[in-house]
Amino acid sequence: MIDKIDLSLVDWSRAQFALTAAYHWLFVPLTLGLSFILAIMETIYVKTGNEEWRRITRFWMTLFGINFAIGIATGIILEFEFGTNWSNYSWFVGDIFGAPLAVEGILAFFLESTFVAVMFFGWNKVSKKFHLVSTWMVAVGANLSALWILVANAWMQHPVGMVFNPETARNEMVNFWAVLFNQVAVDKFLHTISSGFLLASMFVLGISAWYLIRNREEQIAKKSILVAGVFGLLSSLMVAYTGDQSTRTVSKVQPVKFASMEALYEGKNNAGLIAFGVLKDTDKKIGDKTEKEFAFKIQIPGLLSVLTGGDRNAYVQGLRDHILGNEKLQITSASEKILRGKYAMTVLTSYKKARYNNDTALISSIKTVFNDNEFQNRYFRYFGYASVEKPDDVIPNVTASFYSFHLMVILGFLFILIFSVALYLLFKGTISDNKWFLWIALFSIPLPYIASELGWLLTELGRQPWIIQDLMTVTRAVSQISTGSVITTFILFAVLFTGLFISEVSIMVKQIKTGPKH
Amino acid sequence: MTAIISQAFLQHYWWIIVSVLASLLVFLMFVQGGQSMLYSLPANDIHKTMIINTMGRKWEFTFTTLVTFGGAFFASFPLFYSTSFGGAYWVWIAILFSFTIQAIAYEFRSKPNNFLGKKTFDLFLFLNGSLGPFLIGVAVATFFTGAMFTLNPMNQVRWATHWYGLEALLNIRNLTLGFAVLFLARINGLLYIINTIDDEVLIKRSGKALIVNTIPFLIFFLFFVISLLVSKGFAADPLTGVISVEKLKYLHNLVQMPFVLILFLAGVIGVLYGIGITVLRRSSSGIWFSGAGTILSVFSMFLIAGFNGTSFYPSLFNLQSSLTISNASSSLFTLKTMMYVSFIIPLVLAYVWYSWKAINNKKITESEMNSEEHKY
Chain A
1 MIDKIDLSLV DWSRAQFALT AAYHWLFVPL TLGLSFILAI METIYVKTGN
51 EEWRRITRFW MTLFGINFAI GIATGIILEF EFGTNWSNYS WFVGDIFGAP
101 LAVEGILAFF LESTFVAVMF FGWNKVSKKF HLVSTWMVAV GANLSALWIL
151 VANAWMQHPV GMVFNPETAR NEMVNFWAVL FNQVAVDKFL HTISSGFLLA
201 SMFVLGISAW YLIRNREEQI AKKSILVAGV FGLLSSLMVA YTGDQSTRTV
251 SKVQPVKFAS MEALYEGKNN AGLIAFGVLK DTDKKIGDKT EKEFAFKIQI
301 PGLLSVLTGG DRNAYVQGLR DHILGNEKLQ ITSASEKILR GKYAMTVLTS
351 YKKARYNNDT ALISSIKTVF NDNEFQNRYF RYFGYASVEK PDDVIPNVTA
401 SFYSFHLMVI LGFLFILIFS VALYLLFKGT ISDNKWFLWI ALFSIPLPYI
451 ASELGWLLTE LGRQPWIIQD LMTVTRAVSQ ISTGSVITTF ILFAVLFTGL
501 FISEVSIMVK QIKTGPKH
Chain B
1 MTAIISQAFL QHYWWIIVSV LASLLVFLMF VQGGQSMLYS LPANDIHKTM
51 IINTMGRKWE FTFTTLVTFG GAFFASFPLF YSTSFGGAYW VWIAILFSFT
101 IQAIAYEFRS KPNNFLGKKT FDLFLFLNGS LGPFLIGVAV ATFFTGAMFT
151 LNPMNQVRWA THWYGLEALL NIRNLTLGFA VLFLARINGL LYIINTIDDE
201 VLIKRSGKAL IVNTIPFLIF FLFFVISLLV SKGFAADPLT GVISVEKLKY
251 LHNLVQMPFV LILFLAGVIG VLYGIGITVL RRSSSGIWFS GAGTILSVFS
301 MFLIAGFNGT SFYPSLFNLQ SSLTISNASS SLFTLKTMMY VSFIIPLVLA
351 YVWYSWKAIN NKKITESEMN SEEHKY
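Residue numbers (our numbering), protein chains in the order written: chain A, 1 to 518; chain B, 1 to 376.
These are computed hints drawn from the structure, not numbers from a lab.
Restricting the straight-line Cα-Cα distance to at most 30 Å, the calculated cross-link-like pairs of lysine-lysine (BS3-like) are:
| hint | chain 1 | residue 1 | chain 2 | residue 2 |
| --- | --- | --- | --- | --- |
| 1 | B | Lys-118 | A | Lys-510 |
| 2 | B | Lys-362 | A | Lys-517 |
| 3 | A | Lys-125 | B | Lys-357 |
| 4 | B | Lys-362 | A | Lys-129 |
| 5 | B | Lys-375 | A | Lys-513 |
| 6 | B | Lys-119 | A | Lys-510 |
| 7 | A | Lys-222 | A | Lys-128 |
Just chain A, with the same shape it has in the complex (with noise of 0.2 Å):
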């Protein structure tokens, strides 16, 4: 009933995934961030009628739309992957994705693509307030669409509001609002676009202090860093707030994912956070996996306990706990959860022969079965283990999880320094002197982008091997097509996203180093 997969096309099929969601991700924060600065600009520049602003505004709006196509043009390969690719999957969680994929469009795409418009050809056709509100609008929009696929990412976290309905063989809709208003997703989106307002804070930031080294665009240049410095402080520090508390509802709904960025195998009280370590591997395994150690660590004792637990002496769950299972705890073995899950799945393949039978008797039963809460939480809860042969592979990456999160840390922290150090700066008046600091600025501005890239590799690795957190896995989400087609589609579209990336870099140095027009 189920095909036998395969592997490579698997990974394919991820790799292909990875690289659009990847190169996607370059370009979208950008987008996020500085289409508010553009709206604060313009909004500064019809409160003074001060010409100046209005001539900044236009020059960080040309950047913005050199960035904002090739986010569409990502956005649209994504969108059409979840079919063309995850074809299992599209079905499994239609009934629930696609609804927030197109609300997505209806509600935010139309008022990002309408008032885009405006904003870059009204500037001479409408009037000055009608070009303020689009500014806003695209702002409001561009977020907006960010709400939508992050609602449907947090759904693949941490799946609620649903049923599986054997009849139509997936999961089906009960409420919206606890979908949207799902933890993961509140977290999610927050998270998410501060970490947009940040970086594109510190792109202008970076920019900005590009000029005042080469003593150029002097009063443009500190304006910029003015709105850039404080608006990029504000999302600093929302970013580390929001930080924890996404970190802390991973620790309740994927503990597994949590235990692995914190690289954590034996579940301990009084359990210290590691602020930074180096991993090693040990003799130690689990399954056929090797259990990693520190060769090195900066650890904050007793802290991860209170985060997470909110006293000292709070039980923190460790990979070993979930793997060969916790009595005491009552956390079920990996090993337990594979066989209530195959038992699950033969309970439907069941159900679906009596269906193709037309066996209305077995139907009726089967149906019982179904819709029994004890069945519904002690086996179809772990539907998706059928598919997992072993009991170790619920282990995610654990070096890629560790590092990523905590370089992402770390470099939150750096970010609310920096935009500090600038403010500081601008506000004593000897910024344009401190050279030094103008160079860091300048050289931190791939830093964000770094972050924000490990914090999607730590999202998706981190919940490997899952699609949907314990419902799928990804061997079981893919599409049956040749594992060559996806092979040459991801050339394809590596040569192609490659190819406008180089482009997109080039034309944005050109037009920095041309600077704003006079």
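Got chain A sorted already, so can you dock chain B onto it with the hints?
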């Protein structure tokens, strides 16, 4: 109100929404139509700049409508999304590829240091303009001619050929609709140029090109429509859902749904009237008649494909795997939730219209192209 909101009602409601989006998409592909004539229509560089700029101010509407069309299809008929996209892989990838290269071409083409060069980006626009409408036409034609797939009991798709959708290009009827959509997009592109650009020479050239493009459009369109009306179709039993082949199914649909026939005829007349007043009376308003006609005819074609117990995505490999609006739809709850969301569409259309007019209140001129700061 709640009494009539049955699953069947919502399936029809959502098919109408998807059809509206599809018809708007085909109309908005006047942008692609204009792009496809980049090498033939302009007499000089300034003409080319004007054409690219008038199309460039609308490309995002077409793009967004395509994305929304995909999203709405996913939300309301996810089994189509997973079946067609996951099986006819190459057709959809080719469509995607052609739209991806368009999205950046406008913004990048005239910027200094653009790495690939202006000519490459213009080629991207041409390729999107030619391939986009053609391939979408071919893909939509398979709604009538069928595709080679089967679904297992878990509703997972298996494609029956190693061509993964490319085999659609071997069917003459699919090709015919592809070309009809391409030439319709070119006609609407020309009418839009005539409506929005103030340049006598370019308008004259567009008028001539209009006649040249109308002839193949009529040939391809009539061939497709006639072949559709005389062809067999795929009917779904309303009680059991069993699919069977029915002779003259699409003709029966038109006869049994006279309002669709009226919409279809009104649409065709609208397109012809738009062309007629432009050629004969030198009117610049032809795009509105032709545009409305395009919307009506595409809308009615979609209704013929999905309404009246018809399979809108027939399987030629395993007839009982064929998709209907009944077996491919989302659950009652999702369709209902989405219906509430769709109530916002008139508001969306209102601000789109308002902004459209705000940008189009002055025609594009040569002097604007030489002065405007933000131009493509």
